[in-house]
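Protein chains in written order, with our numbering: chain A, 1 to 637; chain B, 1001 to 1637.
Rather than coming from a laboratory, the hints here were simulated on the basis of the structure.
Restraint ranges, calculated between C-beta atoms of paired labels, are given here:
#1 A:624 to B:1159: 54 to 62 Å
#2 B:1159 to A:623: 53 to 61 Å
#3 A:509 to B:1582: 41 to 49 Å
#4 B:1006 to A:12: 25 to 33 Å
#5 A:441 to B:1582: 37 to 45 Å
#6 B:1239 to A:503: 15 to 23 Å
#7 B:1015 to A:449: 46 to 54 Å
Here a beta-carbon is modelled for each residue, glycine too, at the ideal position from N, C-alpha and C.
2 protein chains.
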Amino acid sequence: MQFHHHGYVSGDPRVQDAAGTGIDRPAELPDEMDVLIVGSGPAGMLLAAQMSQFPGVTTRIVERRDGRLVLGQADGIQPRSVETFQAFGFAEAIIAEAYNIAYMNFWGPDPENPRNIVRTARTEDYAFKISEFPHLIVNQARVLDYFADAAAKGPGRIVPDYGIEFVGLTVHPGGDHPVEVRLRHVAGPRAGEERTVRAKYVVGSDGARSGVREAIGRKHVGQFAAHAWGVMDVLVNTDFPDWRTKCAINSTAGNILHIPREGGYLSRMYIDLGEVAADDDHRVRRTPIEEIIRRANEILHPYAIDVKQVAWHSVYEVGHRVTDKFDDVDVDQGHAPRVFLTGDACHTHSAKAGQGMNVSMQDGFNLGWKLGHVLTGLSPASLLETYSAERQPVAQQLIDFDREWSTLMARKPEEISDPQELANYYLGTAEFPSGFMTQYGPSMIVTDASHQGLAEGFPLGKRFKSVEVVRVCDGNPVHLGHHAKADGRWRIYAFADAQPAGEASALSEWATFMASPGSPVARFTPEAADADAVFDVKVIYQQAHEDVDVTRVPELFLPKTGPLGLTDWEKVYAAAPSAWTTADIFAERGLSRDGVVVVVRPDQYVAGIFPLTATDELTSFLEGAFLSQREPAVVPG
Amino acid sequence: MQFHHHGYVSGDPRVQDAAGTGIDRPAELPDEMDVLIVGSGPAGMLLAAQMSQFPGVTTRIVERRDGRLVLGQADGIQPRSVETFQAFGFAEAIIAEAYNIAYMNFWGPDPENPRNIVRTARTEDYAFKISEFPHLIVNQARVLDYFADAAAKGPGRIVPDYGIEFVGLTVHPGGDHPVEVRLRHVAGPRAGEERTVRAKYVVGSDGARSGVREAIGRKHVGQFAAHAWGVMDVLVNTDFPDWRTKCAINSTAGNILHIPREGGYLSRMYIDLGEVAADDDHRVRRTPIEEIIRRANEILHPYAIDVKQVAWHSVYEVGHRVTDKFDDVDVDQGHAPRVFLTGDACHTHSAKAGQGMNVSMQDGFNLGWKLGHVLTGLSPASLLETYSAERQPVAQQLIDFDREWSTLMARKPEEISDPQELANYYLGTAEFPSGFMTQYGPSMIVTDASHQGLAEGFPLGKRFKSVEVVRVCDGNPVHLGHHAKADGRWRIYAFADAQPAGEASALSEWATFMASPGSPVARFTPEAADADAVFDVKVIYQQAHEDVDVTRVPELFLPKTGPLGLTDWEKVYAAAPSAWTTADIFAERGLSRDGVVVVVRPDQYVAGIFPLTATDELTSFLEGAFLSQREPAVVPG
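Take these sequences, add in the hints, and give me the full structure.
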């Protein structure tokens, strides 16, 4: 964590200095704003936290509820989400309070007495083998609390405007704030009052029954499956030995997905309520909690739960639907989108693969920096077209995965030939439910794969997978990727050739170019800004840290920034194993020993791979995503 | 982290339910209280956080300052202190913002050009080899913030009463609240007003010039050394390559102890200002900052610092003094103490070994639970006599270590024959500055060593050194010691013999005894309280976790507690290595395979070691430290 950069701070370093629109931010929703987020779920709140890092942009987030979420809803957290929490600064805090999944156990009918269930398999959770981050269970309410905290402590000081619901919107063809939005106060002293505001961009993070989706005429495509599930968060006493272990239970009486929750006592159960008749008309949703508990006990036989408290419960029918496009502009309309959909507003599915909240958050992470870049004049408005292009296929994959997983989960015992099959499917697909399968195709912000061979372990379009390196200035082992905070900046990692620091080398020539006035760093960084305000350029030497003479490292990697012009010591790393780490990032990620440049987007996805000598190619790639800052900045109307 | 135990909680689980005196706690200092802490430094604030776990006790803490500490003072954090932070619930948060010491480098005169300094040694910091916790540098102000947070979120809801200074006290021979304390408001609307309050116990955590020490007539013994040091927290640019590494710099121009600080930019320098003349009369303390910086540059030659901001600076003369006894009662006076001294109030020394804040916090940790136990009637008042008996020798050791270390640090180059000597001393003594050398002798709360051979790796009287085990209920690898929170409870670890759970064994016989009405758990736990309210009894089986059938574990280890009578699943552990950990606590701590009982105090020190069969001996030991709860509780007047 870096701070004291603008001078000594005495208090909590997580509270950044307010800046721009965060200074004296009005408590009341203004009439005009740059970005209006509708809905404070996982996608909306992550987006708010991200936009708080762009205090030059006025962002507001409206929420129908009159305050924070209190209960229920999603709780499964992929390693990719924990990685994202790390970037927003609260991974260690949320891990400390979460349930950590170590195993998933499987139960099925006892062959000798099929009325009883027996444990058929224990599988180690995939997370530890696939990431340095764990696979967690924690209440969505707490995830939202942490993002709200990050949004409020960021320079933009963003806090939700509670008690305001979305009524409708109109996108006007021109003007500075072309989106007219009709809202209604539904809580507080102004309850009942309607008002109209204008925004440059609107983001619909307003859930499965999204009003924003309806307003832009997008349709949810897919089917509403005829299978119902009851879900309950309960405090119980029980003789079921796996009460604190995640389990899939498949019994002659039905199925349970059992998810222990944070805190050591609570668990969530998803209980199969069976096929829903075609003429049911959602009557199944009125299933009483007593009936859900009765079913659970039937399935758990010979074990039983004695429910002491029901914290939350609900009944839902599984739907698998995805919106065909996640913005308001059809392809080739010749102008950039103004309205976006995220999260459940554009993809709905069952809860049982534990994916929904995670995919929603990545929607927000994908969109946030793009809005920030366009609205601060760094990038052209066409950047916003990549949002739907990148995220819609991910949602489609999710729907496909979830349909397969829920079908497997809802099978009857007689349909199962191999009791290990579900366990095998779960482990075999680990990369998907971990959140690491997403791969964006070539675009203005992802190069083609022509140089992939220089960095095999950093697949283009996939998220940058961190490895431990040694920080030269203090010899600490640190995860290279963990220094990439969700601050809206791009990262350029220069993996050096074999020469030591200070010697003539491909790296030093690259550094000389990058420090020159013609470099993309110079051209695309506003003149008044710090040298690393847009591109955070780091170097990783192949040597051990004690063999890197920091006084001979090119100044590009030791920029003097901030009001005091202080040297930033934390951009120079060493790859060779040291006393405190055995990792060598060159070996672990298959990096060329002739050096390689890896460019990573603000949302942590690998954007480009270049030889150290290919400075023209690097420049040309970045020219596609950035606007020159040498002329006055172009801010889209 | 365990929560939801009293029913579902939606918000931050670190906020415990208010209880007892924490419900409607008056903002104004009352006229009578159980415990009055004078001073909100590290000892006082830890003590407040600890007392917040005893909401049956009225505790107040007064502080002369009008608010939180803002600047300066101590910053070195031993692994033992981080271990303590873990027990108070904020280790992961403070580690994330602290500077982590990986190396200590040593610099001396260049033999070829003695005007210049050169690096003479790099030494790996000891912390990683000695503990699972790191060695940190973080501002005392932040440490106090975290303890203040813990105190405020604990059931006792303790917050400091700022702007009140100590004037004097009188210990009356009798009465319910025998200590009469005179205080003065020095800030706020009542500034200037004096008042008198009464307390059962008073703790002087009021620093080197302690008024409480003076009031009870204790004297600081030792000498005021004639050597002065300047200290500054500065933001600089520099060509000194080790600006971000801890260094001892020994040059012909003098000495510097260089300590990088949290946040990546700030560092602290202790600069040798040389011998102080006998007739100096503290004039050295008026040395201007410009002179300190000039000295620093002279010592650093050929390197230089360009100071951009001075966050804090001070000049002090090294004193090494310790108070002869840390309470108000001389030996054999036949009654228990009423007034205690902690921290700088009873031991002062140089800052350069980075020990002061750490030893002070352990003073508070040692005293807190004892006050809590006596005031809630669990233990006899004689328990309080062990505070001075245990902590005064620790302070004396500290003074001796610090005198040796500062003398070594202050040597002139010509006095140094071996440039490695300082580095060797630093590493050779690692256990002391890590905070793990403290060992309390036999007393009413530490047994003699007759059964030490059953658990060689848990030395009696030293702090319980944690090892990873596997939690049976969910298969998670967890540090056994990290479940021991600073909640004022004793821990009894039953390391099982080789029989599996549910089979007849020494363990199961021990469990049967411990669950019987004659057991110390039953006799010393108030009847209305949960079964684990005083003793948290855990079991560790030798088997792998999947071979422990939790349904066959004795109920002693699965108590049903709280208003809902919920099963606590987190007291049953397995020692054999699993998929996620290679540790085996029996092997790592030399535990008898016939089983052994290890009793640990609320401050994490090993109190007793017993064979599973020695239930009489265990009972007899605990009888010395506890009062029977079968009669009405005896609360000392």
